[in-house]
Amino acid sequence: MRQALSPDDVKRIARLARIETSDAEAQATQAQLNSIFDLIATMQAVDTRGVSPMAHAQEVYQRLRDDIVTETDRHAAFQAVAPAVENGLYLVPKVIE
Amino acid sequence: MSETSLSALAAQLAGKQVSSRELAQSYLGRIVALNPSINAFITVDAEKTLLEAAAADARIAAGQAGPLTGVPIAHKDIFCTDGWLTTCGSKMLSNFVAPYDAHVIQRFKAAGMPSLGKTNMDEFAMGSSNETSYYGAVKNPWNTAYVPGGSSGGAAACVAARMAPAATGTDTGGSIRQPAALCGITGLKPTYGLVSRYGMIAFASSLDQAGPMAPSAEDCALLLNVMTGFDPSDSTSLEREKEDYARDLDKPLAGLRVGLPREFFAEGLNNEVAAAVDAAVAELKTLGATPVDISLANSKLAIPVYYVLAPAEASSNLSRFDGVRYGYRAPDYANLDDMYCKTRAQGFGAEVKRRILIGAYVLSHGYYDAYYLQAQKIRRLIADDFSEAFKVCDVILGPTAPGTAFKLGEKSDDPVEMYLNDLYTIPANLAGLPGMSLPCGFDAKGLPIGLQLVGNYFSEAKMLNVAHQYQRVTDWHARAPEGLK
Amino acid sequence: MKWETVIGLEVHTQLATKSKIFSGSSTAFGAAPNTQASAVDIALPGVLPVLNRGAVECAIRFGLAIGGNLNRVNVFDRKNYFYPDLPKGYQISQLAKPIVEGGALKIVVGDTERTINLTRAHMEEDAGKSLHEDFHGMTGIDLNRAGTPLLEIVSEPEMRSSAEAVAYARALHTLVTWIGICDGNMQEGSFRVDANVSVRPVGQAEFGTRREIKNLNSFRFLQQAIDYEVRWQIETLEDGGRIEQATVLFDPDRGETRMMRSKEEAHDYRYFPDPDLLPVKLDEDWIERVRATLPELPAAMQARFQRDYGVSAYDAAVLTGSRALADYFEAVAKACGQGKLAANWVMGELSAALNKAELDIVQCPVSAAQLGTLIARIQDGTLSGKLAKQVFEGLWEGAGEVDAIIEARGLKQMSDSGELEKIIDEVLAANPKSVEEFRSGKEKAFNALVGQVMKASRGKANPAQVNELLKIKLQ
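Chains as they are written, first to last, in my numbering: chain A, 67 to 163; chain B, 7 to 491; chain C, 299 to 773.
Please note that the accuracy of each hint is not assured.
Stated by the list, open to error - Cross-link-like lysine-lysine pairs, in silico, DSS-like; alpha carbons within 30 Å at most:
id	chain 1	residue 1	chain 2	residue 2
1	B	Lys397	A	Lys160
2	C	Lys300	C	Lys316
3	C	Lys427	B	Lys97
4	C	Lys377	A	Lys160
5	A	Lys160	C	Lys427
6	C	Lys427	B	Lys348
7	C	Lys377	A	Lys77
8	B	Lys291	A	Lys77
9	A	Lys160	C	Lys720
10	B	Lys417	A	Lys77
11	B	Lys348	A	Lys77
12	A	Lys160	B	Lys348
13	B	Lys257	B	Lys348
To be verified - Footprint (simulated), chain B over chain A, 3 or more residues, beta carbon under 8 Å:
id	region
14	73-80
15	86-99
16	109-118
17	123-137
18	147-157
Simulated from the structure, these hints should not be mistaken for laboratory data. Glycine included, each C-beta is placed from N, C-alpha and C at the ideal position.
Could you put together the complete structure from these sequences and hints?
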């Protein structure tokens, strides 16, 4: 029987997903997530030994591109929609290593 | 209303009975009149539309028109459209003017079909009622107290209300078919890989497909001809010989074996829907089809499998929305990490956040095998069920949705109840098979009922044939909501 | 307590393709920020990756050169984490089914030869760059580098000293540049080394907890970082402390490793196969075509040099430090037919001159043919070893061909006995004391006389001849 998610679990996953979640929100989400997980639980018991996972519908392999440069400089257009740009660089709060 | 079929419009344009500009203006007028009560559109830009229409007229005049040149179309706001706001129904992209065209959009531009605007949708395509949009819910034109279905709710509603002769939608778990059913129009999800996903904002990469939404199967066939084709920018795009999807529309149905999965006619299905679908089967019998009893035994697992795979892929696809290079950025934050967390908490709605959390969880350390891998294996079982079924039938038929449109707000508190709407549509996405919905009746409240066809890989022409023959002897698809003139 | 060091290296090599691994942007170094960052590279909504054939071919070349196993079907996975230089919020990499598995590399430390086994090599994309110079308290992100193809090469944890680690890194560097898959420019970040370091008591079977030193871009830093880290770990353990798994950076100014602040939490990368990409299939024809274009590899060339040119194992290793150097040496050896002499000259005079002028062998002003001729002139007696250095300098300065320089500077070795005898007679006459001393048994006096003859001939006398003639005359 799957363990239900605790509010701490919710907060931990929210951290992984970089979504700020208050304790109240974690509580509220917890119940909904648990009901979704109950839904999902029905598939866990199925015996799938010997079944190969299906990632793609067709048995096709990756097409390869020739190694040539096809792109031009469009940074002006792309950066027109950026929140913060200076000297062609995207600005973010200082990264501490 | 068949004067507004795409082929009729194209003929009128060719015969100079109407210009593209006039058509565009007519539809723009209806949008202005009706959109306030339907909320089908997020962005309308009459100036841009009329410019495109003028260009189409020039092409027609120069004798360089394609089959649908000059016919306008609305686009789901999930397709990046150069110079147009492209929001995906989300606050996260509420300021995002796309700097490039999706491949699908490029095809419509090449076909000379002016854009009427960007249609409303569930946020990031996650939803079955178009109630999760940042831009407000879309109303069902048949009864504005009811939902149109989702996630392509805006597209379905605008076609149903005749605000556009056609629209593009996308379908990951039923998001073209289910709203088509709830709004009484025809919608088709092609075989996975036939329509390029480049520029189509990704929800679940291995399931997403774009497709046409229009009143009739014939319309959908013509649109499919524009939308399909190999795109080298999409690694999952299939390279195949070009097909004319309208080529088999007029074939008689004699000898057609129609598979009826018993799991799609079991409990959970609304009586009125069952009755309408049964009547449709009877109709097809008179056209020469033979019903065949089949079983898709693993289809009951489709929903749990889908709610592992789709959120998993989505949780990763949506990581790029971080306030760094485009889109919403939180106004106040203490540091980089805080910026990420606040931007994403504020930019995403509740349903999107829920699915990201589910996705992150099922992929997280220690859970991959039990959830993701298990789901991929069951996916194989579901696809195998279909392969078996197609040995004894040519096309599979059932209801598109377990019920008709529900009231706004009725199911939005319980995510699981909402998810059950996609019961019959999800299996085709998991298998990568083509599916379509066409209208087959109304319930006592006057709300549309849709029937679903699922075909074998690359059998769109056959599905469209079946649908078209049905639509020749019925008029469900020709009806439009009253009081919307 | 005796401690054993355990080191494994993960090396990220930028592949020498013209365009990026998943987009058609240029990989050229040094462009203005974000001018080589396409829609795909900056992860605009809706974009998709398509795989560069050139990157796969580089990986195949490496797999063949290292004697590894090429997985005929290999898969890309998403490695999910948040960082501003990672636009998609995930890196496309390979986890479960990498393109290369296994393989081995021979290393030489001092006189000892060892073979280090590789675990795997996989394709992945590089991230962008963060510039921390002050933008009023912000960091600037340049995505030009995002999407550059990388081959991550992982060794087994078989190295037992910083010397071995450096030898391995050098040998790997030589190999990847040799087969042309990487330009090897460490300053530009083409070849970056992460070192996984742990210690354990000698005799213990289990590995100790390891710490990872990231992004070392010089062999000197690699050695210093490992040495510091090992000392630190041993001290910590001997003081009764525990080693916590961590990722650390090397501070070259202080010569210390320190923990990265941003990595307090262990990453859960949530790997899963990338649904936007299909499995990569390598067919046998392609592999054979690549195999046919591989040059003779360093190890084979070393064996051949020892066998055909009589050079020592150590010399062979040095001469195969780069393909250009090896080709140069071989051309010289063939031109003069004197393998050992060629080796001495290339490793000695030539290398010294190149180092002093900070030139690489490909920029050498003396051609292999010229050096070969020079050696031939020594061998045939035209030139003495000592004067040969002057000719070499002349060649370096571009003064002309070997024979022309000998002529012009009058450096031809004197072998005419008549002239030489005359000089010897003069010297003997001028140095009666030395003659006396030699005749009374002092050997040293002989050498003094030889020296005088050489001096009188301004170095042009053939020393062997001088010896002979002098002996005869003094009888």
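Hints, one by one, checked against the model:
1. B:Lys397 <-> A:Lys160: Distance of about 61 Å is beyond 30 Å: violated.
2. C:Lys300 <-> C:Lys316: 50 Å, violated
3. C:Lys427 <-> B:Lys97: Given pair Lys427 (chain C), Lys97 (chain B) holds - Cα atoms ~29 Å apart, limit 30 Å.
4. C:Lys377 <-> A:Lys160: 24 Å, holds
5. A:Lys160 <-> C:Lys427: 13 Å, holds
6. C:Lys427 <-> B:Lys348: It holds: about 24 Å lies between the C-alpha atoms, which stays within 30 Å.
7. C:Lys377 <-> A:Lys77: 21 Å, holds
8. B:Lys291 <-> A:Lys77: 56 Å, violated
9. A:Lys160 <-> C:Lys720: 84 Å, violated
10. B:Lys417 <-> A:Lys77: 26 Å, holds
11. B:Lys348 <-> A:Lys77: Within the cut-off at roughly 14 Å; holds.
12. A:Lys160 <-> B:Lys348: Within the cut-off at roughly 16 Å; holds.
13. B:Lys257 <-> B:Lys348: Measuring from Cα to Cα gives roughly 57 Å; hence the hint is violated.
14. 73-80: Held - the region 73-80 of chain A has 4 residues with a Cβ nearer than 8 Å to chain B, which meets the minimum of three.
15. 86-99: Holds, because 5 residues of the region 86-99 of chain A bring their Cβ atoms closer than 8 Å to Cβ atoms of chain B.
16. 109-118: holds (count 6)
17. 123-137: holds (count 6)
18. 147-157: This one holds; 5 residues, not fewer than the three required, reach chain B with a Cβ under 8 Å.
Checked against the numbered hints listed earlier, the structure breaks hints 1, 2, 8, 9 and 13; every other hint is satisfied.
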